[in-house]
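With chain A held as given, fit chain B onto it using these hints.
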Amino acid sequence: MMGNILELVNAAVIAGLIVFGFYVVLQNMRTIMCPQKKGTIASMGGLDNQKCNLCAYSMEPGKSTIQLKVKLDNGLICEAEASPCCLCMDRMKIGDRVGLTQSGNRLMAQKIGWGV
Amino acid sequence: MELLGLFGLLVFFGVIIASLKEWIPQDVLPVQSALILTTLFLVVIAALFGQPINLKELSANIYIHPITALLAGFLVAGALEAAGAFKAAIDILERLAETPLGLPGTVVILVNMPTIFAMPCGRILAAALIPAALLFGYELARVRETPLLVSVVIFGFIVNAAASCGPSPLGGIGTMGEGMGGYDIGSLANAQQVGIMVITAVAMVSIKLIYRILPGETIIEEMMEENEQKKKKDNNKVPASGYFSFFFFLIGIAVVFITKPPVPIQTILVFFVIVIMLISRVSIQDLIGGVILHPVMAMISGFIIAGALIAIGSFDALIELLSIAAEMELLPGMALGYVGVAVILANTPSILPMPCGRIMAAALMPGVLLFGLKVSEATGNALATPILLTGFILNAAASCGPSPLGGIGGIGEGNLGTAIGISGKPQQVGIMMGTGIAVLIIGLLGFI
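Just so you know, the protein sequences line up as chains A and B, in that order.
Numbered according to this note's numbering, the first sequence spans residues 89 to 204.
Numbered according to this note's numbering, the second sequence spans residues 244 to 691.
So that you can see chain A by itself, here it is in the shape it has in the complex:
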C-alpha cells in the first residue's frame, strides 16, 4: 500500500516536471516571439560602456542572474534580469534588442531579433 502511494507520488513528480519543462519552453518562446515589452540593452550589471559581451559586469552578491537596464521602445528605462548563460552562450551585449516578460517578481530579458 505504502509502496503504491510512493510510486504514485514519484510518477506524479516526473510527469509534473515534464509538464513544467514544456511550460518553461513555452514561456521562453513567448519572451522571444511575443514579449510583453521590447527594448535595447542600455547597461549590463551597472556598466554602460562595456562593448564585450563576456567582459566585466558586476553582479549583486548572492544573485544568480545578471542585472540589466533596458531602454524600452517608448523611451523609458527599466531594470530587468537575464540568465548568466545568455551573456556567454547568446553573446548578449549592450545595444542588443531584448524582449521582456514578467515572471513572478522578476522581469526576464531574452535576446530577440530586430524583426520581432
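Take these hints with a grain of salt, some might be off.
As the list claims (entries may be wrong) - Result set (DSSO-like, lysine-lysine): computed pairs, CA atoms no more than 27 Å apart in a straight line:
| no. | chain 1 | residue 1 | chain 2 | residue 2 |
| --- | --- | --- | --- | --- |
| 1 | A | Lys151 | B | Lys480 |
| 2 | A | Lys199 | A | Lys151 |
| 3 | B | Lys264 | A | Lys181 |
What the hints assert, rightly or not - Coverage of chain B stretches by chain A, computed from C-beta distances (three or more under 8 Å per stretch; other residues unrestricted):
| no. | stretch |
| --- | --- |
| 4 | 361 to 367 |
| 5 | 523 to 529 |
As the list claims (entries may be wrong) - Distance windows between CB atoms, simulated:
| no. | chain 1 | residue 1 | chain 2 | residue 2 | range |
| --- | --- | --- | --- | --- | --- |
| 6 | B | Ile567 | A | Ala100 | 20 to 28 Å |
| 7 | A | Gln190 | B | Pro504 | 19 to 27 Å |
| 8 | A | Asn193 | B | Ile562 | 27 to 35 Å |
| 9 | A | Asn193 | B | Leu298 | 38 to 46 Å |
| 10 | B | Gly686 | A | Cys166 | 52 to 60 Å |
| 11 | B | Ile305 | A | Met121 | 37 to 45 Å |
| 12 | A | Leu164 | B | Ile562 | 58 to 66 Å |
| 13 | A | Gly183 | B | Pro482 | 33 to 41 Å |
| 14 | A | Gln190 | B | Leu291 | 47 to 55 Å |
| 15 | B | Lys264 | A | Gln190 | 20 to 28 Å |
Derived by calculation from the structure, the hints in this document are not laboratory data.
Beta carbons are placed, not taken as given, at the ideal position from N, Cα and C, and that holds for glycine.
Then chain B, alone, in the frame of chain A:
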C-alpha cells in the same frame, strides 16, 4: 566499417571544430543549433544512402530522467537564491575569515564552494558568488601585496564552478553517465569532487607560477572601492530563511547520499523546493524566471545528434577507429594501447571545449560507454567502463570553463580586465590533472 557511419562521425567533429574556430559564426549559428541542422543533414544523407532514420530512432536517445532532474535542480537553485541561501553563504564566508581559519583558509573554502553546493549549472554559483570571490581575492592580494593573487583566486573559483555540474546530484552531467551506465546515482560523484579540488589547485598554482595572469590595474582600484562599499552595504541583509535554506540544502543532500533512500532524486528535489518555498514564501513564478534553458537545450541537442549517430552506425565506426588507433604501432613496438586511447577520449571535451559540457557529454556518451567495454575486454579490468566514464564526465563538465565560445572563464577575464581566453590554458592543465586523479580514485578505490 560502414561508410555512412564514418561520414556522420566526420561531419559531427567537423561541425564541432568549425564552431570552435568560429568558421561557423556563433552569433549567427550557435553550436547547439548547428548540431540540430547537422542531424537534419544526416537524416537526408541517410535517406539517400537507402538507410532512412525515423523520428523514433532519433528520439530514442533522448533520456527524460536527466532532463527532469535538471529541471528539478534549477527549481532548487532558484528556491535557494530566492530564499537568500547564496547571500547566507557569502555572509558565512565573511564570518569564517575572522576565525582562526583566516583569510587563506576562507579562500580555500570559497573557491571550492561551487563543488560543495554542486548546482546543475556552474554559472548559477559563478554569477552568485563572483562578487565574494572578487572581494576575498582582492583582500588576499592586498594583504600579501601580490596583485597576481586576485587572478589565482578568481580563476580557481571559476574552474571549480565550471566543473561543479559534473558531480551535481541535481541533474548534473554525472547523473547522465550514471543512468546510462546503470550505476547508482552519485556513485561517480565523490571521485569527481576530489578531481575538481585537484583541478582547482593545479589551475591556481599554474597561474601563480607559470602563466602569471595579472589583472588590469584600474580594475583593481575600482574593485577596492566598490567592494568596500558593497561590504558595508550588504551587512545584515541576509534573511533568516537564507541561513535555514543553506543548511537545509547541505544537510539534506548529505543525508540523501548517506542513506540512499529508494526514491528518485526528482521527488527529493521537489520536496526540497516545497520546503524552501514555504519557508522563504516565494511563488513558483519567481522560480520559473530563474530556470536556465541553455543547459537543457545543449543537452537535448547532444542527445539528438547522438540518436542520429547511433542510427547510422557512427559509434561502431568510432569504436573501430579507436581500436585501430590503440593497436597501431607509432614506433616499432610502441602503440598507444587501449588505455592510451581511452586517455585521449576522456580528455576530448577539454580539447574541444564547448560552451556547455553537456553538448559533448550527451553526444559522445554512448560511444564512451561502448569503448569502455572494449577497454574492459582488452585489459581484463572490470572497472574500465566506470573509470573511463568518470574521466569523460568530469572532463566534459569542466570544459565549459576554458571554452572560447563563451565559457565561464570569460566571466573571470572580464571582471579582471585581462585578455579574453587567457585563462584557458591554466584551466585546461588543471582539468587534465584532475581528470587523471578522478579516474585513479575509481581505479584504485572503486566507487567511494
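Quick rundown of the hints versus the structure:
Restraint check for lysine 151 of chain A and lysine 480 of chain B: satisfied, since their Cα atoms lie roughly 13 Å apart, inside the 27 Å limit. At roughly 20 Å between alpha-carbon atoms, lysine 199 of chain A and lysine 151 of chain A fall within 27 Å of each other, so this suggested pair holds. Taken as a hint, the lysine 264 of chain B and lysine 181 of chain A pair is honoured in the structure, with Cα atoms around 21 Å apart against an allowance of 27 Å. Counting residues of the stretch 361 to 367 of chain B whose CB lies closer than 8 Å to any CB of chain A gives 3, which reaches the minimum of 3, so the coverage claim holds.
Residue count for the stretch 523 to 529 of chain B with a Cβ under 8 Å from a Cβ of chain A: 5. That meets the three needed, and the coverage hint holds. For the pair isoleucine 567 of chain B and alanine 100 of chain A, the supplied restraint of 20 to 28 Å is violated, since their beta-carbon distance comes to about 50 Å. Checking the proposed 19 to 27 Å range against glutamine 190 of chain A and proline 504 of chain B shows it is violated: the Cβ atoms sit about 38 Å from each other. The beta-carbon spacing between asparagine 193 of chain A and isoleucine 562 of chain B, approximately 51 Å, falls outside the hinted interval of 27 to 35 Å.
The supplied range of 38 to 46 Å is met by asparagine 193 of chain A and leucine 298 of chain B, whose beta-carbon atoms lie about 40 Å from each other. Checked against the hint of 52 to 60 Å, the pair glycine 686 of chain B and cysteine 166 of chain A passes, with Cβ atoms roughly 55 Å apart. Between isoleucine 305 of chain B and methionine 121 of chain A the CB atoms are about 24 Å apart, so this pair departs from the stated range of 37 to 45 Å. Judged by the Cβ atoms, the range 58 to 66 Å given for leucine 164 of chain A and isoleucine 562 of chain B holds: they are separated by roughly 59 Å.
Between glycine 183 of chain A and proline 482 of chain B the beta carbons are some 36 Å apart, a value that agrees with the proposed interval 33 to 41 Å. Between glutamine 190 of chain A and leucine 291 of chain B the beta carbon distance is about 48 Å. The supplied range of 47 to 55 Å therefore holds. Taking 20 to 28 Å as the suggested C-beta distance range, the pair lysine 264 of chain B and glutamine 190 of chain A does not conform, at roughly 40 Å.
In summary, the structure is inconsistent with hints 6, 7, 8, 11 and 15 from the numbered list given earlier, while agreeing with the others.
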